[in-house]
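Number of protein chains: 2
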Amino acid sequence: MAEEKKKLVESWSFLDTVESNFRPLVVIELAKGTKEETIEWLTKRIVDKKANGGAQLLIKPLVTKNGVENIYLVGASHLRLLLGAEAVGLVKECSDNSMRTFTYSSRKTFKHFADDNHNFLTMAECQYIIKHELENLRAKNEKMIPGYPQAKLYPGKSIVRRLLTSGILVQIFPLHDREELKKLSHSWYGRVKVGYQPLDDIRCYFGETIALYFGFLEYFTFALMPMAVIGIPYYVFAWEDYDKYVMFATFNLLWSTVILEVWKRICAILTYRWGTLLMKRQFEEPRPGFHGVLGINPVTGREEPVYSSIKRQLRIYLVSLPFVCLCLYFSLYVMMIYFDLEQWALDYHKENESNFSSLMLYVPSIIYAVVIEIMNRIYRYAAEFLTSWENHRLESSYQNHLILKVLVFNFLNCFASLFYIAFVLFDMKLLRQSLATLLITSQILNQFAESLLPYWLQKRYNRRMKKRMCSKKTDMDLSLAEQVNMEKEMGTYLGTFDDYLELFLQFGYVSLFSCVYPLAAVFAVLNNITEIYSDALKMCRVYKRPFAEPTANIGVWQLAFETMSVISVVTNCILIGMSPQVDALFPDSKMDLVLTVALVEHLLLAIKFIMAFVIPDKPRDIQMKLAKLEFESLEALKQQVTGCSSKTHRHPPETSLETHAALLENGHLCSFCSTGSLIA
Amino acid sequence: MAEEKKKLVESWSFLDTVESNFRPLVVIELAKGTKEETIEWLTKRIVDKKANGGAQLLIKPLVTKNGVENIYLVGASHLRLLLGAEAVGLVKECSDNSMRTFTYSSRKTFKHFADDNHNFLTMAECQYIIKHELENLRAKNEKMIPGYPQAKLYPGKSIVRRLLTSGILVQIFPLHDREELKKLSHSWYGRVKVGYQPLDDIRCYFGETIALYFGFLEYFTFALMPMAVIGIPYYVFAWEDYDKYVMFATFNLLWSTVILEVWKRICAILTYRWGTLLMKRQFEEPRPGFHGVLGINPVTGREEPVYSSIKRQLRIYLVSLPFVCLCLYFSLYVMMIYFDLEQWALDYHKENESNFSSLMLYVPSIIYAVVIEIMNRIYRYAAEFLTSWENHRLESSYQNHLILKVLVFNFLNCFASLFYIAFVLFDMKLLRQSLATLLITSQILNQFAESLLPYWLQKRYNRRMKKRMCSKKTDMDLSLAEQVNMEKEMGTYLGTFDDYLELFLQFGYVSLFSCVYPLAAVFAVLNNITEIYSDALKMCRVYKRPFAEPTANIGVWQLAFETMSVISVVTNCILIGMSPQVDALFPDSKMDLVLTVALVEHLLLAIKFIMAFVIPDKPRDIQMKLAKLEFESLEALKQQVTGCSSKTHRHPPETSLETHAALLENGHLCSFCSTGSLIA
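As they're listed, the protein sequences go chains A and B.
Numbering that gives the first Met the number 0 applies: residue 0 is where the first sequence begins, and numbers increase by one.
Numbering that gives the first Met the number 0 applies: residue 0 is where the second sequence begins, and numbers increase by one.
Read the hints as simulated data drawn from the structure, not as lab findings.
Just so you know, not all the hints are guaranteed correct.
You can't tell identical chains apart in this list, so a pair holds if it fits in one copy or across any two.
Pairs of lysine-lysine residues, derived as DSS-like cross-links and limited to a Cα-Cα distance of at most 25 Å, are as follows [unchecked claim]:
1. K310 <-> K624
2. K182 <-> K279
3. K466 <-> K428
4. K589 <-> K263
5. K151 <-> K310
6. K627 <-> K156
7. K156 <-> K624
8. K487 <-> K466
9. K627 <-> K310
10. K624 <-> K279
11. K428 <-> K589
12. K617 <-> K279
Sequences are here, hints too, so could you generate the full structure?
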């Protein structure tokens with residue numbers, strides 16, 4: 000067997016003559032015991048020419064001391080990567096500082112481009128291109144994966160996706176660049192400093208989605224600072240005057256609208272600079288997990304699995320919806336237990352007034368906070384399972400359904416008790432205490448579970464690995480084989496979902512009851528500062544490098560944050576209306592009080608909507624740049640249109656309307672169009 | 000002078016040999032006494048070849064009995080129109096029933112296309128194309144319009160727009176097609192019938208904007224019918240039970256959301272069928288009235304007038320805004336006078352109770368309704384003047400500022416008195432009476448002022464004209480010269496703005512206080528049915544034919560109607576909360592009443608937003624068709640991308656990545672890209 004593999008390795012070695020410096024970019028790990036014929040077929044398809052339906056990439060088995068271990072390194076020639084960049088529609092900066100879609104033929108107009116400059120594309124971009132090419136490696140007329148008759152294929156099916164779903168392919172991941180990573184981590188979290196994160200470097204290394212998350216995290220932290228600064232004197236001087244609270248709440252509400260609107264502008268600036276604002280949306284392929292009977296896709300006309308939309312609707316409404324409702328009910332049930340506990344602690348404190356008993360007052364809240372976190376995590380798995388069982392065709396549709404399920408539950412789970420305390424028990428003291436405990440406990444738990452625990456586990460594992468390898472080298476000196484072996488055991492970063500969710504819930508704690516507990520913003524700011532560091536650590540040290548994903552905005556989270564800020568207008572108005580100070584202002588008529596509060600609430604909501612409408616989503620200079628590009632593309636289109644383009648034949652561009660017109664003038668039909676012959 | 004003109008006519012006559020059946024489509028009327036050299040220059044530019052910067056259209060002076068009268072008829076050859084259709088990006092139906100952008104080279108794939116079928120493009124489309132070509136006739140190196148040194152030109156300036164702004168060109172309008180018009184008017188309003196309007200025929204004759212207005216009017220009328228039907232028994236049986244009112248109001252509020260959402264879907268169906276849903280937005284040129292000093296447009300890089308944005312902002316905030324506020328104040332002042340009148344009528348009725356005095360009760364409302372209408376119209380002119388003085392660069396920005404100004408004023412002017420009666424005076428009886436009087440009076444006034452009066456004036460004028468021409472022919476037998484002379488004196492239809500505004504205010508009367516006066520919907524339905532007929536009459540008989548304008552939706556009006564329906568949730572909830580029946584339900588605590596009303600209101604608003612979010616804006620089959628087209632264009636783009644396109648040279652399409660790959664494999668660079676030479 001090793002004999003045969005050696006032969007294979009030799010047969011690929013001709014590639015090295017073309018590209019002597021093979022640079023490994025992506026690692027493919029196949030299952031142990033994968034059949035020879037499968038490996039041979041797969042590698043052949045990967046190196047095969049585009050014309051033969053291959054990906055035309057370079058591949059090499061990883062040779063370690065233990066021999067070949069079904070781990071393969073994928074790379075590509077520089078030219079191949081440039082053509083791939085054109086295929087995925089990368090947008091890069093031109094020499095005249097404008098952003099343009101990269102095309103191979105216009106490569107000379109791009110900044111920093113030189114045929115021998117292999118750093119024109121960042122490593123993350125190269126890896127993204129290779130991932131795209133691998134995923135677009137499609138079956139031709141194979142009916143199954145060679146050696147695995149149960150793994151069916153049909154023309155056009157992505158081979159890599161089928162290999163993944165049938166378990167032959169364990170994982171594909173991009174390699175870390177030890178040197179770059181060291182530089183990045185030094186400038187990012189290596190030293191304690193006051194200043195911005197190196198967002199552009201993060202983007203170069205991890206891609207736009209992750210850089211945008213860190214950008215949002217940083218922006219959000221800065222945006223919370225005014226709230227925190229204003230909130231501190233309320234706590235220090237124990238201000239309880241109604242007018243001060245109203246001012247604080249009003250400021251908060253308008254401020255939260257402003258920061259969400261301004262974020263859109265900053266996001267546009269960032270993604271314009273990164274080129275993703277201009278990237279064309281790619282046609283969405285079915286997600287890997289999607290299954291169904293073979294049929295004709297009415298949109299593409301291609302054969303692919305189809306799954307009846309009615310069946311999916313039935314699953315959603317008859318199974319998922321009841322399950323979510325049940326979970327919500329259970330969450331409320333747990334909440335009632337918490338209130339029983341709270342009552343018990345209060346009774347205990349009354350019976351034996353001691354330091355211990357007053358500490359005991361906080362215990363129910365802490366326990367409840369822990370339970371909430373656990374329930375959130377369990378529910379998350381259930382929601383993922385259910386949503387994947389709903390069998391959505393598109394990743395975007397899957398994500399939307401998952402996010403909706405998770406958001407509704409997490410919102411209720413985290414905030415139901417606070418709503419109950421505020422608007423049913425009317426106990427502001429308990430609300431403040433409960434809010435503080437929930438916020439702080441959840442922050443500590445999250446920091447621990449998300450970064451520190453995995454980091455510690457990873458460290459321990461690495462130490463054991465190194466001991467096993469009997470080497471005392473530092474990370475930098477590791478051989479490629481050791482690096483790959485270490486990285487393949489690292490955890491997989493599952494995307495920014497959990498990170499955004501955490502920020503979303505934090506925003507809820509800060510804004511929903513901000514006028515009761517102004518200090519919440521302070522804790523949020525403190526948490527976010529450490530969060531930046533622990534998330535950075537997590538990205539750089541704990542997890543495998545994730546594939547870069549181009550993105551132009553934070554997607555559905557923008558909507559989620561905006562919805563939260565609308566809800567917080569309502570809650571804050573009610574809270575202020577309920578405060579005894581405001582109550583005292585309307586001694587005669589509670590009616591007037593309620594009407595005033597309702598009026599103010601409607602006014603604030605109206606102002607919010609008008610502000611959201613009036614503040615442009617993109618800064619003026621970005622708008623201008625976009626308009627300029629649009630104008631250029633319209634002009635180019637016009638050129639093309641007058642050039643009379645068709646699929647069967649194409650005039651040379653100089654055959655524009657002028658030529659048509661010249662022919663037309665003499666009473667002839669355009670000879671290009673009517674005869675279809677090309678005149679040189 | 001007549002000599003010279005004759006020569007000109009003769010020199011154009013060669014065109015008739017190319018296109019023997021010159022079909023006049025568009026009329027150009029020049030000012031009396033326009034200089035010869037100007038006319039000569041203009042006609043030359045219009046007939047000149049595209050290559051020389053002309054429009055390559057056909058033009059003929061209109062010869063009447065009185066000789067040549069500075070009126071010119073513009074037409075175009077069939078081929079020229081087809082190329083023009085490609086230039087404006089018309090979308091037509093293909094033989095396989097899909098909608099595609101028309102290109103001359105793919106013309107054979109379109110339904111009903113034949114080289115000798117001159118009805119492939121409708122007359123309205125031909126006229127739109129000619130208008131587009133005329134407007135895009137641009138100055139080359141002329142510094143001024145020949146003969147008029149004060150009418151400056153600069154390279155790229157639209158000649159026709161400069162001629163219009165300097166008064167040399169009186170008007171451009173498309174000719175009616177007497178035969179088609181007769182057919183259309185017969186099927187549209189000629190006979191009393193139950194059924195839909197011939198929307199497709201209207202679209203063919205008047206274009207998409209106008210057809211969409213009539214589509215909306217018809218849809219809106221049908222949508223109001225359930226409200227009207229449910230409202231009748233409330234009036235007949237004088238139901239005053241609170242639960243029935245709550246039911247009616249709730250139904251109304253949800254219904255109004257549903258109808259606005261469903262309209263988007265119907266609009267998508269209509270505009271998909273008409274091809275405008277797929278039409279690419281054209282790059283917006285500065286509006287004709289825009290002026291400024293010559294500068295460089297940063298977007299296009301062309302020389303054109305620029306006007307400082309700060310100056311415009313100053314004009315808006317220092318002049319327009321105070322003016323609008325003043326008008327609003329004046330409107331409120333008039334309202335207070337109305338209430339004085341109302342009080343006076345009431346006192347008078349109390350003093351001498353008679354039939355006359357009870358009739359007198361309605362007089363103040365009627366007078367007020369008339370005054371409101373007059374104020375609306377005067378304000379409209381002022382708003383137009385101000386907005387045009389603000390000197391907006393783009394027509395869309397001008398329109399938005401105008402609509403905002405007009406909507407705010409009209410809303411306050413029409414509804415302030417009703418709000419005052421409802422929420423300050425708490426007089427439901429007066430509210431009902433006032434609402435009914437305002438609604439009915441404004442409807443009668445509108446119908447009269449908008450259609451019947453102009454129709455009558457037009458009729459009288461026509462009769463006089465015919466008498467002067469001493470002919471007893473019917474409309475059909477008129478010679479072309481007589482037709483043109485008659486049409487050029489007809490009024491100009493100023494767009495759908497006023498018609499939508501009328502519907503918008505009607506929607507306000509119906510929905511804002513629907514639970515007080517359920518009969519409003521009945522009057523609205525009755526009004527709209529006659530409105531369809533009178534508007535149809537207006538379009539066909541009163542006004543000049545307007546140029547067709549492609550459009551994909553009703554634009555800002557959708558937002559205006561949705562805002563109105565949100566406001567109506569608030570007003571109706573308050574009205575129901577104030578009704579004595581609901582009051583009686585909460586005998587002990589007014590607080591509970593107010594809280595309940597506020598809760599219900601928030602729930603309704605939440606349901607509205609969720610419904611608007613959940614109901615897809617486009618029906619599934621349209622979504623599928625759009626996805627299919629998008630997929631095709633992405634595939635085509637991919638083909639093009641792999642075809643390595645550049646501006647300086649273009650590979651034949653077969654030079655795809657396969658060829659690249661083949662070359663690449665042997666260690667060569669793609670010869671197309673590196674050498675730029677074309678291999679046949």
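The hints, checked one at a time:
1. K310 <-> K624: Classified as between: cross-chain Cα gap 23 Å, same-chain 46 Å, threshold 25 Å.
2. K182 <-> K279: For K182 and K279, neither the intra-copy (32 Å) nor the inter-copy (47 Å) Cα distance is at most 25 Å.
3. K466 <-> K428: Neither. Shortest intra-copy (55 Å) and inter-copy (91 Å) distances fail the 25 Å Cα cut-off.
4. K589 <-> K263: neither (41 Å within a copy, 44 Å between copies)
5. K151 <-> K310: Within one copy, since 23 Å is at most 25 Å while 68 Å is not.
6. K627 <-> K156: The answer is between: 19 Å across copies meets 25 Å, while 39 Å in one copy does not.
7. K156 <-> K624: between (39 Å within a copy, 23 Å between copies)
8. K487 <-> K466: within (17 Å within a copy, 96 Å between copies)
9. K627 <-> K310: Between. Shortest inter-copy distance 23 Å satisfies the 25 Å Cα cut-off; intra-copy 47 Å does not.
10. K624 <-> K279: both (16 Å within a copy, 20 Å between copies)
11. K428 <-> K589: For K428 and K589, only the intra-copy Cα distance (23 Å) is at most 25 Å; the inter-copy one is 28 Å.
12. K617 <-> K279: For K617 and K279, the Cα distance is within 25 Å both inside one copy (18 Å) and across copies (22 Å).
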